[in-house]
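Here the protein sequences line up with chains F and G, keeping their order.
Just so you know, the first sequence maps onto residues 0 to 665 in numbering that gives the first Met the number 0.
Just so you know, the second sequence maps onto residues 0 to 665 in numbering that gives the first Met the number 0.
Keep in mind the hints are simulated off the structure, nothing from the lab.
It is possible that some hints are incorrect.
Calculated cross-link-like contacts (lysine to aspartate or glutamate; reagent style DMTMM-like; alpha-carbon spacing at most 20 Å) [unchecked claim]:
no. : chain 1 : residue 1 : chain 2 : residue 2
1   : G       : 204       : F       : 201
2   : F       : 90        : F       : 264
3   : F       : 204       : G       : 207
4   : F       : 48        : F       : 257
5   : F       : 390       : G       : 193
6   : F       : 298       : F       : 264
7   : F       : 52        : F       : 264
8   : G       : 510       : F       : 632
9   : G       : 298       : G       : 620
10  : G       : 390       : F       : 294
11  : F       : 657       : G       : 620
The calculated label-pair distances, taken between Cβ atoms and stated as ranges, are [stated by the list, open to error]:
no. : chain 1 : residue 1 : chain 2 : residue 2 : range
12  : F       : 569       : G       : 276       : 46 to 54 Å
13  : F       : 390       : G       : 593       : 55 to 63 Å
14  : G       : 254       : F       : 508       : 39 to 47 Å
15  : G       : 663       : F       : 591       : 23 to 31 Å
16  : F       : 85        : G       : 508       : 44 to 52 Å
17  : G       : 221       : F       : 187       : 18 to 26 Å
If you want a taste of the chain G side facing chain F, the calculated C-beta under 8 Å gives, among others [said to hold, decoys possible]:
no. : residue
18  : 23
19  : 104
20  : 106
21  : 109
22  : 209
23  : 293
24  : 366
25  : 381
26  : 382
27  : 437
28  : 471
29  : 619
For glycine and all other residues, C-beta sits at the position ideal for the given N, C-alpha and C.
Number of protein chains: 2
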Amino acid sequence: MDGKGIDELCIDTIRTLSMDAVEKARSGHPGTPMALAPVVYLLFTRFLKHNPKDPSWPDRDRFILSCGHASMLLYSILYLTGYDLSLEDIKNFRQWGSKTPGHPEHGETPGVETTTGPLGQGCGNSVGMAMAEAHLAARFNREERIVDHTTYVLCSDGDMMEGVSQEAASLAGHLRLGKLIWIYDDNRITIEGDTALTFTEDVMKRFEAYGWHVQRVEDVNDLDALTMAIKRAREERERPSFISVRSYIAYGAPGKQDTASAHGEPLGEEEIRGAKRFYGWPLDKPFYVPQEVLDHCRKVVEKGERLQREWEERLKRWKERHPDLAREWERVMRGDLPPGWEDSIPLFKPQGKDIATRVASGDVLNSVASRIPELIGGSADLAPSTKTIIKGGGDFEAHSYSGRNIHFGVREHAMGAIVNGMALHGGVIPYCSTFLVFSDYMRPSIRLAAMMGTKVIYIFSHDSIAIGEDGPTHQPVEQLMALRAIPGLVVIRPADANETAEAWRIALKEKGPVAILLTRQGVPILDPERYPIREGVERGAYILREPEGKPGIILIGTGSEVHLLLRAAGMLEERGVKARVVSMPSWELFDREGEGYRQKVLPPHIPKLAVEAGVRRGWRDYVGERGDVIGLDRFGASAPWKVVYARLGFTEERVVEKAMALIKEG
Amino acid sequence: MDGKGIDELCIDTIRTLSMDAVEKARSGHPGTPMALAPVVYLLFTRFLKHNPKDPSWPDRDRFILSCGHASMLLYSILYLTGYDLSLEDIKNFRQWGSKTPGHPEHGETPGVETTTGPLGQGCGNSVGMAMAEAHLAARFNREERIVDHTTYVLCSDGDMMEGVSQEAASLAGHLRLGKLIWIYDDNRITIEGDTALTFTEDVMKRFEAYGWHVQRVEDVNDLDALTMAIKRAREERERPSFISVRSYIAYGAPGKQDTASAHGEPLGEEEIRGAKRFYGWPLDKPFYVPQEVLDHCRKVVEKGERLQREWEERLKRWKERHPDLAREWERVMRGDLPPGWEDSIPLFKPQGKDIATRVASGDVLNSVASRIPELIGGSADLAPSTKTIIKGGGDFEAHSYSGRNIHFGVREHAMGAIVNGMALHGGVIPYCSTFLVFSDYMRPSIRLAAMMGTKVIYIFSHDSIAIGEDGPTHQPVEQLMALRAIPGLVVIRPADANETAEAWRIALKEKGPVAILLTRQGVPILDPERYPIREGVERGAYILREPEGKPGIILIGTGSEVHLLLRAAGMLEERGVKARVVSMPSWELFDREGEGYRQKVLPPHIPKLAVEAGVRRGWRDYVGERGDVIGLDRFGASAPWKVVYARLGFTEERVVEKAMALIKEG
């Protein structure tokens with residue numbers, strides 16, 4: 000180790016810590032941390048504006064490790080630069096309850112800005128963070144630059160191949176997000192072997208086509224070249240920057256460098272000794288951190304605290320000059336809603352005219368948006384159909400970042416990843432929308448929203464076969480149940496305009512993600528004076544129609560099917576059957592209720608029939624063994640919606656028939 | 000109409016038929032058919048090698064309308080060129096049971112090669128078709144070119160923006176698929192308005208970066224330029240071809256041309272009259288087809304029949320010279336499996352050593368692949384982990400298309416769309432693989448596989464939290480249930496090596512798609528001489544362990560959890576409780592059984608406990624109201640798998656405890 004410069008010493012420390020941690024865990028990805036150690040070293044010690052002692056400093060630069068499998072790279076540099084992460088934590092890599100899980104998990108480790116691992120997602124998140132930064136800067140910077148930070152991403156071949164990153168890159172180029180920098184690890188190795196097996200496109204040219212500023216560094220170990228490239232990327236403020244860096248997986252491992260076998264498994268003792276010999280490292284000291292390395296890297300803390308202090312002074316001056324703006328800024332950064340916001344939730348009066356819940360949702364959105372300026376979002380090119388335009392909100396476009404209407408383009412997956420990034424950034428409440436059937440396109444991002452608990456609102460319209468003519472490709476059948484299967488996601492399918500308003504209220508109050516599923520077709524408005532809609536929706540299910548005396552059957556429905564049940568209940572009454580109708584907009588909210596309420600709404604020993612225009616799976620939890628479900632076990636069909644709806648079994652007559660059969664059996 | 004050339008007459012007929020059909024249906028997308036009529040006219044009358052009287056001719060060129068919303072474009076030209084589609088069918092556009100659904104549906108309309116509408120999917124399908132063509136050509140062409148056709152795609156801005164098309168285009172460029180031609184409708188309009196709102200990248204440059212041959216046609220109505228471009232694209236055999244064509248949505252409609260409002264709704268009577276006036280068309284004759292247009296277009300039939308006859312003559316000569324090859328070709332094109340193929344399904348003997356079902360699957364794949372040469376597939380860069388390499392099968396690469404191992408790259412979504420295209424092409428049985436959690440990335444394609452009933456085999460390994468250290472991002476929890484929610488998809492989660500072998504047998508026999516879910520970790524081998532595994536897996540669920548006398552409890556499990564149940568049953572026996580253990584690898588197969596069998600395996604009145612390392616939703620259908628489920632209502636965690644498994648509740652003790660509680664309640 001003698002004669003090594005401090006830079007090299009630090010870089011080799013990152014490498015050896017990563018190797019040793021993976022080896023001790025007997026599991027993990029050593030090759031990429033060894034390759035990219037110079038990049039994170041330079042970023043975290045020279046470029047990143049961050050204070051390891053306050054990872055929640057709002058104006059910090061964001062760093063995303065999109066190739067999350069290289070998690071030890073991140074943990075090593077976080078530890079070295081003084082984040083609240085110890086050498087002991089690193090030794091506990093990939094163990095139960097540790098701060099160092101296999102892939103970076105937001106919330107588990109200080110300094111981890113987002114959960115990564117599923118490839119391409121971090122790239123998408125980064126675009127959302129840069130968009131939030133641009134929006135807040137446009138909204139709040141007056142005289143002082145209160146919001147002024149850069150988002151850095153480290154990404155791999157896998158990230159580049161994933162469609163979600165390509166969608167996101169196209170949009171980032173269009174939006175000219177000048178404070179976004181992607182550093183691409185061009186290591187020529189994939190799990191199946193050389194990238195020549197499958198990935199021979201000209202990546203740099205592709206990014207030029209997207210409108211990015213593009214650079215190349217021929218050797219990741221050339222610190223001067225790397226430094227210059229990052230500098231130039233930071234200077235470029237008109238376009239996002241892409242730096243392609245040639246790196247060498249498992250750099251220094253005598254038999255495994257530049258091989259696929261170094262990707263996803265421990266190197267083994269022999270290779271580790273070989274690599275350490277190559278670095279001039281002590282062979283018998285696992286997790287060895289030279290004191291001068293720690294001293295050098297920890298200087299970041301002092302610099303970071305100084306930077307944050309300077310920012311706080313700016314903030315103070317700014318607050319004095321713009322007290323109202325400052326209060327607003329503090330509020331949105333805390334994530335508090337403005338006082339009295341709930342008054343903006345509209346009430347819909349029955350007018351004898353049907354109104355689609357997507358239309359009602361558009362009204363609610365516009366009403367609450369006027370009171371909640373941090374609400375910002377849009378659609379994957381379906382806003383006129385999903386009714387998600389904030390009127391007068393302006394378009395979020397290059398150099399008009401104060402706009403609140405985002406045009407995501409036909410890029411559902413990037414949209415999903417972007418809203419996660421926006422929510423993680425903070426200061427905004429993002430919503431996004433498409434047809435329910437296309438929630439499939441963004442499912443990996445919805446999963447991560449649920450896992451991280453990001454506050455994101457999904458508006459999924461065209462929620463059933465009742466969209467009609469567009470046919471089975473556009474008619475969701477299994478999406479409702481598939482969304483309900485995601486732990487931590489609240490799914491609400493309101494029955495009418497007033498339930499829709501309540502769904503929005505809940506979505507705005509929830510800490511985590513909420514999906515609101517809306518009809519294309521008109522449905523009657525339930526009278527809010529007659530029905531306990533507000534409390535009912537909050538509790539997930541409630542008694543909408545109660546007969547006199549003990550009910551002989553309970554009809555349970557969601558969304559548009561509730562109205563079918565109300566009509567069927569009337570028909571049953573004519574036949575002398577007392578039917579309770581339960582509106583059940585949200586399973587998740589109902590499941591949160593105590594057994595008392597649940598049994599009150601759905602008492603045992605009364606036969607139950609659930610009706611929903613989707614797959615039947617899962618309903619048995621609510622109708623019980625002797626109950627029944629009218630649903631779908633097939634895809635839809637193309638025809639006017641009333642025809643499809645009736646042909647596929649959603650008629651009052653069928654409900655009555657099934658209900659009578661259940662009563663007879665019971 | 001006087002003075003119009005026949006080309007223009009035909010093109011305007013396509014336009015007016017499309018306008019009129021949408022108007023009559025009061026629903027649909029008139030603008031794009033009006034814009035792109037020249038393209039389909041030229042393709043179907045001058046370029047496409049097809050015989051409208053035999054849409055299943057194996058060597059026909061394939062045409063895909065990836066922008067499926069422009070379905071009337073396709074229906075119009077299919078009708079005009081003599082496919083089995085009448086003017087009456089066109090008048091029934093978007094009606095129940097018609098041959099002309101809202102979006103093209105494969106199987107509903109002769110000449111529709113694939114179901115499109117969800118954007119980008121058709122692009123992905125086309126790469127699969129071109130790959131199947133290249134593979135079969137490499138396998139069967141000897142002296143004569145028996146397999147020699149081109150795949151054409153018409154695609155939109157939306158297709159271009161979707162990640163799936165970008166992944167597919169990157170792979171097509173890499174594979175140098177010279178017989179693939181994408182024609183891109185550059186109409187500058189999206190649903191939300193001008194493409195300038197969100198899509199300003201240089202699309203042509205991007206395709207150059209992918210390694211495609213790229214051309215531009217400045218005006219879709221310039222038939223000479225269009226013709227030349229298509230000719231050059233056909234001549235280019237070393238690279239896939241991309242032709243960007245400037246078009247005008249709703250061409251000729253006085254107030255709606257080049258506007259977003261022409262995209263997805265009828266033009267209205269006034270605009271239709273205006274457009275017809277512009278074309279010089281009779282204003283009072285909806286669905287008017289000039290006789291000379293029909294005569295001209297129907298000439299395609301004669302030409303197509305001649306081309307097919309010529310091909311049949313070649314085929315005859317070839318058959319005589321290569322009778323064995325010919326028999327093989329006929330077999331694979333019929334979709335028949337080779338005689339005796341089932342003998343290649345291996346039997347695994349218990350050896351006291353655990354074996355992961357993914358490893359067993361790799362053995363089965365290699366064994367059956369030696370007998371079923373049409374089995375071809377690969378992984379989204381995880382083949383070493385999913386164990387899906389056919390040893391000695393060769394790599395499917397540019398200019399070595401006979402290879403059977405496809406390297407899809409980290410492109411799950413394109414992989415899903417590609418295997419659909421391969422299956423639709425015929426002559427191959429495609430399989431593909433990734434980790435179960437990443438099935439989310441390709442879900443829109445799986446849905447279409449289920450809708451079309453394509454014969455595709457999905458190998459999804461790393462099927463639960465028991466993957467361990469990689470943590471929650473890589474641990475599937477809800478994917479199993481989400482796949483089960485897709486109508487028409489058979490999902491099998493085998494418990495051991497022998498159930499895995501049976502799962503493969505079923506997958507090869509099924510007509511539609513099958514997903515096989517496999518463990519990462521080792522599991523014991525169930526003795527095939529002791530357990531009725533073969534019949535059992537085919538029936539979806541079966542009694543694995545039966546106590547003497549009437550069981551006091553039934554334990555139901557899938558996959559690795561079955562072994563946990565066997566151990567727990569032993570512990571229960573020690574406590575004097577008779578426990579039946581049911582292995583239930585497939586809900587879908589079990590649901591196909593008659594009530595007799597179902598009640599035999601899961602009789603009422605005996606308490607039931609299901610155990611599965613996934614979300615619990617849906618199990619109630621099998622355990623009944625008074626049963627219970629040990630599952631997960633949360634995401635997983637990073638730690639060695641046995642720790643995660645136990646910490647999240649998958650222990651013999653918990654099973655015993657829950658079982659005792661159920662018996663007590665019962």
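Now the hints, each set against the structure:
1. G:204 - F:201: holds (10 Å)
2. F:90 - F:264: Satisfied, since the Cα-Cα distance of roughly 17 Å is no more than 20 Å.
3. F:204 - G:207: holds (8 Å)
4. F:48 - F:257: violated (33 Å)
5. F:390 - G:193: holds (18 Å)
6. F:298 - F:264: violated (33 Å)
7. F:52 - F:264: violated (33 Å)
8. G:510 - F:632: Holds, at about 18 Å.
9. G:298 - G:620: violated (58 Å)
10. G:390 - F:294: Roughly 53 Å between the alpha carbons, so the hint for residue 390 of chain G and residue 294 of chain F is violated.
11. F:657 - G:620: Holds - the C-alpha atoms of residue 620 of chain G and residue 657 of chain F are around 18 Å apart, at most 20 Å.
12. F:569 - G:276: 46 to 54 Å: holds (52 Å)
13. F:390 - G:593: 55 to 63 Å: holds (58 Å)
14. G:254 - F:508: 39 to 47 Å: Since residue 254 of chain G and residue 508 of chain F have Cβ atoms about 45 Å apart, the given range 39 to 47 Å holds.
15. G:663 - F:591: 23 to 31 Å: Since residue 663 of chain G and residue 591 of chain F have Cβ atoms about 28 Å apart, the given range 23 to 31 Å holds.
16. F:85 - G:508: 44 to 52 Å: violated (56 Å)
17. G:221 - F:187: 18 to 26 Å: violated (44 Å)
18. 23: violated (12 Å)
19. 104: holds (7 Å)
20. 106: Violated, because the Cβ-Cβ distance from residue 106 of chain G to chain F comes to roughly 11 Å (cut-off 8 Å).
21. 109: violated (17 Å)
22. 209: holds (5 Å)
23. 293: Hint on residue 293 of chain G: violated, closest Cβ of chain F at ~26 Å, above 8 Å.
24. 366: violated (22 Å)
25. 381: Result: holds, 6 Å to nearest chain F Cβ.
26. 382: holds (5 Å)
27. 437: holds (7 Å)
28. 471: holds (6 Å)
29. 619: holds (4 Å)
Taken one by one, the earlier hints fail for this structure at numbers 4, 6, 7, 9, 10, 16, 17, 18, 20, 21, 23 and 24, listed in ascending order.
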